[in-house]
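S.K.: Chains Z and S, in that order, give the protein sequences.
Per full-length UniProt numbering, the first sequence starts with residue 1, numbered consecutively.
Per full-length UniProt numbering, the second sequence starts with residue 1, numbered consecutively.
Read the hints as simulated data drawn from the structure, not as lab findings.
Treat the hints with care, as some may be off.
Said to hold, decoys possible - Derived pair list, reagent style DSSO-like, types lysine-lysine, alpha-carbon separation capped at 27 Å:
id	chain 1	residue 1	chain 2	residue 2
1	S	K89	S	K55
2	S	K55	S	K223
3	S	K67	S	K42
4	S	K67	Z	K42
5	S	K223	Z	K43
6	S	K150	S	K55
7	Z	K43	Z	K55
8	Z	K407	Z	K430
9	Z	K105	S	K150
10	S	K89	Z	K404
11	Z	K168	Z	K105
12	Z	K426	S	K65
13	Z	K43	Z	K67
14	Z	K89	S	K407
15	S	K67	Z	K426
16	Z	K55	Z	K150
17	S	K43	Z	K223
18	S	K426	Z	K89
19	S	K89	S	K150
20	S	K223	Z	K430
21	Z	K223	S	K42
22	S	K43	S	K55
23	Z	K150	Z	K105
24	Z	K223	Z	K150
25	Z	K150	S	K89
26	Z	K65	Z	K43
27	Z	K89	Z	K67
28	Z	K223	S	K67
29	Z	K89	S	K404
30	Z	K426	Z	K404
31	S	K105	Z	K301
32	S	K168	S	K42
33	Z	K43	Z	K223
34	Z	K89	S	K430
35	S	K105	S	K150
36	S	K313	S	K223
37	S	K55	S	K67
38	S	K105	Z	K105
39	S	K105	Z	K407
40	S	K55	S	K65
Please read these numbers as outputs of a predicted model, since none were measured by experiment.
2 protein chains.
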Amino acid sequence: MLRIITDQGEARQELQRISERTYHENIETQSATVREIIATVKKNGDRALLEYTEKFDGQVIPPEKLKVSGSEIDAAYQQISPDLLQAIKLAATKIEAFHQQRTPKSWVQFAEDNVVLGRRYTPVDRAGLYVPGGRASYPSTVLMNAIPAKVAQVPRIVMVTPPSEGGKINPAVLVAASEAGVTEIYRVGGAQAVAALAYGTETIPRVDVITGPGNIYVTLAKKEVYGRVGIDSLAGPSEVLIIADSQANPVHVAVDLLAQAEHDPMAAAILVTDSELLAQQVQAEVDQQLENHPRRTLTEKAIAHYGVIILTKNLTEAAELSNLFAPEHLELEVESPWDLLEHIRHAGAIFLGNSSPEAVGDYLAGPNHTLPTSGAARYASALGVETFMKYSSIIEYSPSALQKVSKAIIDLTIAEGLPSHGNSVKYRTK
Amino acid sequence: MLRIITDQGEARQELQRISERTYHENIETQSATVREIIATVKKNGDRALLEYTEKFDGQVIPPEKLKVSGSEIDAAYQQISPDLLQAIKLAATKIEAFHQQRTPKSWVQFAEDNVVLGRRYTPVDRAGLYVPGGRASYPSTVLMNAIPAKVAQVPRIVMVTPPSEGGKINPAVLVAASEAGVTEIYRVGGAQAVAALAYGTETIPRVDVITGPGNIYVTLAKKEVYGRVGIDSLAGPSEVLIIADSQANPVHVAVDLLAQAEHDPMAAAILVTDSELLAQQVQAEVDQQLENHPRRTLTEKAIAHYGVIILTKNLTEAAELSNLFAPEHLELEVESPWDLLEHIRHAGAIFLGNSSPEAVGDYLAGPNHTLPTSGAARYASALGVETFMKYSSIIEYSPSALQKVSKAIIDLTIAEGLPSHGNSVKYRTK
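Please work from the sequences and hints to get the whole structure.
M.R.: Below, the structure written as structure tokens:
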């Protein structure tokens, strides 16, 4: 049963505990394992990938099967239902349409004395996309990661995903990859797949950016190779914080909390409300909806450990608690969500009103569902087209413009003790 | 003496060696030290900071002196020359003017069925700025890191920098901080300062983003705390790649190479040219300019280890080598720099023509001088206003819009085995 907290000090402590739930005790050991895996892949290439796949995934993959063939992708289209194919296509269309908007564009500014300044945006050469296997093998993950890379016009979009029984890959994932513009798919997962993307092997090309969620080993591997390649973020378990008032429907609030909890035993589901009645109704409703839940054990675990209802005096106080937590997903199921929005400073995605359940954003509203977790919304944003682009600053000075600033530059170079910096201007001016 | 390489295979190998020069042998030991320092600061707060400052910087700082006082900043204004003050002010004005352009703006899109989608940009609450001490204590670093945070309207801009002899801080750095809008300054450096910014101590507030260059311990500490806070990048030693043709002035090319080399014995200075004559002239000119160079030993070391001239058949080939290296700074000292620009895919900042030495961008042209190093320009950009901002995705659906997509969402939730996701839509629609 969801606890109801009324004490604000206790509420803050509880939010901090939940926010930090990703920090494991044995992270050092896991990091050491990951470093060893990366070093081995660097040294042994494909052979290491196949050995780790046998060891960790229990699958023996012949070297020539590492890359998923075109005929396997064609076959996947036959293995999913026409309804699912249509849903994937609809989602892909809506996600692409949203991501096409306000993409970074190069610009220059012509200033006085023939000075030109600006930014020149270009895509990365190669993007690497990690897609988990097993319980979290989701076609929506593929769409949300690959489509921004496609919109960014990345020439090679490389996907890796671990094989399941018989070396198979979820056909819905293969179809989503094909629809989203993935250019090549490899049958490998875990830290070894991240290592392959960062350093390249005989078969898998080295990429420039690695995105996508994964288990703790995948996340630690991404942190380890960060700097060698770019990464989207260090994704932790998912979370929702719902701010609701007395007009909210307790059945809807409860199902939204459970939609988060059913992801993962470490998922967090938090309700903050100024209505004691709603708090009690949601508490009861969550229990009821859990009764016959197909993923009851896992979902109940998340609710028990990382679920909570916080009762506040008013909605402004609720917004402040939310800012403290900086949730991945924030739902505003209140009478005037746009007014309350003014009080929100940090959240990955904000769902306004009673008809905007998180699921609409998870699948097809358009904005990306890959969002900052564990308080990272304090400083980070959703994955986007920007993740796969970067810019070069552009600077063109003229002889007369350089002349005008030469004294100031030389004074600064003297202060910093960098004589050739000064001379590079002095030699070009009088 | 700068070597001249003509073999393209050798050139590629050499560029790779130079690009990877940051990867040390003893990085594991240094990482362990850094993790210990961070854990100690987390546990002991200010006391740990003062102990490490005594141990690593040899300075005993009384607790009440950790924060730099207003009167110390006032005094700094008296300690620098009026010319330097004017140069700092000019640079600050020009950097701020450039960064004010095209800053991220919130937007919403009104789609059919009363759907609202968009992005809402907000600044981080607190920015942390690391400024090195000793040889690399530069006022320009302060301006380039703090001004974007100020333009982003970050309420608290916290600077840390290690004390030198007598607990002093370079007055030009204090003046630059004051001019750039830094709100508080603390006398502490190294990994311990990064730990303080990431976790907070009694005196130093926890921040949301940490930016700024530093030695290997600072860089490793930034990598370690990344995820808990945002960081700008993992800065390596500085580098320039110059593409020049026969019309370039060898004196200018040589001084620009040395301006890079004089930063650091690990700095890299690379010339790629299609002119054998220019290659020879630059080779001779570098030697001559080194003769009486005030930082000769250090600069010569950089030139010897990480300096090279590569001779190519034509400029397109030169551009391809540059793309492979993805330099932090790229100078195009060629007849038609804007034409050559079309062949460039990866570079932190690009300086076009013969009157645009890197120094103009280092100090005051306007674009940021904090740039991706060691090949990171393949996927990353300059530090900017964006570094201190993030957005929340905005999603508002109406009952009728939700109705229209409900079947597609439910089909996807079935494929992904997430029943409450499906129910969150089902319960809200017919």
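S.K.: Run every hint past the structure and note whether it holds.
M.R.: Here is how each hint holds up against the structure:
1. The straight-line distance between the Cα atoms of K89 of chain S and K55 of chain S is roughly 36 Å, outside the 27 Å bound, and the hint therefore fails.
2. Our distance criterion of 27 Å between C-alpha atoms is met by K55 of chain S and K223 of chain S, whose separation comes to about 23 Å.
3. At roughly 19 Å between alpha-carbon atoms, K67 of chain S and K42 of chain S fall within 27 Å of each other, so this suggested pair holds.
4. Distance restraint check for K67 of chain S and K42 of chain Z: the Cα-Cα separation of roughly 46 Å exceeds the 27 Å cut-off, and the hinted pair is therefore not satisfied.
5. Using a Cα cut-off of 27 Å, the hinted pair K223 of chain S and K43 of chain Z holds, with the two alpha carbons roughly 24 Å apart.
6. Between K150 of chain S and K55 of chain S, the direct Cα distance comes to roughly 34 Å. Violation of the 27 Å bound is thereby established for this hinted pair.
7. Proposed proximity of K43 of chain Z and K55 of chain Z is supported: the alpha carbons are some 18 Å apart, at most 27 Å.
8. Proximity of K407 of chain Z to K430 of chain Z is assessed by CA-CA distance (about 11 Å); at most 27 Å being required, the pair is judged to hold.
9. Our distance criterion of 27 Å between C-alpha atoms is met by K105 of chain Z and K150 of chain S, whose separation comes to about 24 Å.
10. Distance check on the hinted pair: K89 of chain S and K404 of chain Z sit about 15 Å apart at the alpha-carbon level, within 27 Å; holds.
11. Under the criterion of a C-alpha separation no larger than 27 Å, the hint pairing K168 of chain Z with K105 of chain Z is inconsistent with the structure, at around 40 Å.
12. Distance check on the hinted pair: K426 of chain Z and K65 of chain S sit about 41 Å apart at the alpha-carbon level, beyond 27 Å; violated.
13. The hinted pair formed by K43 of chain Z and K67 of chain Z meets the criterion: a straight-line CA distance of about 20 Å does not exceed 27 Å.
14. For the proposed pair K89 of chain Z and K407 of chain S, the alpha carbon gap of about 13 Å is at most 27 Å, so the pair holds.
15. For a cut-off of 27 Å, the pair hint linking K67 of chain S to K426 of chain Z is broken: about 39 Å separates their Cα positions.
16. For the proposed pair K55 of chain Z and K150 of chain Z, the alpha carbon gap of about 34 Å is over 27 Å, so the pair is violated.
17. Between the alpha carbons of K43 of chain S and K223 of chain Z the distance comes to roughly 24 Å, so the proposed pair stays at or under 27 Å and holds.
18. For the proposed pair K426 of chain S and K89 of chain Z, the alpha carbon gap of about 21 Å is at most 27 Å, so the pair holds.
19. With a C-alpha separation of about 15 Å, the suggested pair K89 of chain S and K150 of chain S falls inside the 27 Å cut-off, and the hint holds.
20. Between K223 of chain S and K430 of chain Z, the direct Cα distance comes to roughly 45 Å. Violation of the 27 Å bound is thereby established for this hinted pair.
21. The suggested pairing of K223 of chain Z with K42 of chain S holds, with an alpha-carbon distance near 21 Å, which does not exceed 27 Å.
22. Of the pairs offered as hints, the one joining K43 of chain S and K55 of chain S holds, with about 18 Å between alpha carbons and a cut-off of 27 Å not exceeded.
23. For the hint pairing K150 of chain Z with K105 of chain Z, the CA-to-CA distance comes to about 16 Å; that is within 27 Å, so the pair holds.
24. For the suggested pair K223 of chain Z and K150 of chain Z, the alpha carbons sit about 24 Å apart, so the restraint of at most 27 Å is met.
25. Between K150 of chain Z and K89 of chain S the alpha-carbon distance is near 43 Å, which puts this suggested pair outside the 27 Å criterion.
26. Distance restraint check for K65 of chain Z and K43 of chain Z: the Cα-Cα separation of roughly 21 Å lies within the 27 Å cut-off, and the hinted pair is therefore satisfied.
27. This hinted pair checks out: K89 of chain Z and K67 of chain Z have alpha carbons roughly 24 Å apart, not beyond 27 Å.
28. For the hint linking K223 of chain Z to K67 of chain S, the alpha-carbon distance of about 33 Å lies beyond 27 Å, and the restraint is violated.
29. Between K89 of chain Z and K404 of chain S the CA atoms are separated by roughly 15 Å; this keeps the pair inside 27 Å, and the hint holds.
30. For the suggested pair K426 of chain Z and K404 of chain Z, the alpha carbons sit about 12 Å apart, so the restraint of at most 27 Å is met.
31. About 41 Å separates the Cα atoms of K105 of chain S and K301 of chain Z, which puts this hinted pair outside 27 Å; it is violated.
32. With a C-alpha separation of about 26 Å, the suggested pairing of K168 of chain S with K42 of chain S holds against the 27 Å cut-off.
33. Taking the CA atoms of K43 of chain Z and K223 of chain Z, the gap is near 20 Å; set against the 27 Å cutoff, the hint holds.
34. Straight-line distance between C-alpha atoms of K89 of chain Z and K430 of chain S comes to about 23 Å, which keeps the hinted pair within the 27 Å bound.
35. Our distance criterion of 27 Å between C-alpha atoms is met by K105 of chain S and K150 of chain S, whose separation comes to about 16 Å.
36. Note on K313 of chain S and K223 of chain S: the hinted pairing is violated, with a Cα-Cα distance of about 41 Å set against a maximum of 27 Å.
37. Note on K55 of chain S and K67 of chain S: the hinted pairing holds, with a Cα-Cα distance of about 19 Å set against a maximum of 27 Å.
38. At roughly 14 Å between alpha-carbon atoms, K105 of chain S and K105 of chain Z fall within 27 Å of each other, so this suggested pair holds.
39. A threshold of 27 Å between alpha carbons decides the hint, and for K105 of chain S with K407 of chain Z the separation of about 36 Å lies outside it, so the pair is violated.
40. For the suggested pair K55 of chain S and K65 of chain S, the alpha carbons sit about 17 Å apart, so the restraint of at most 27 Å is met.
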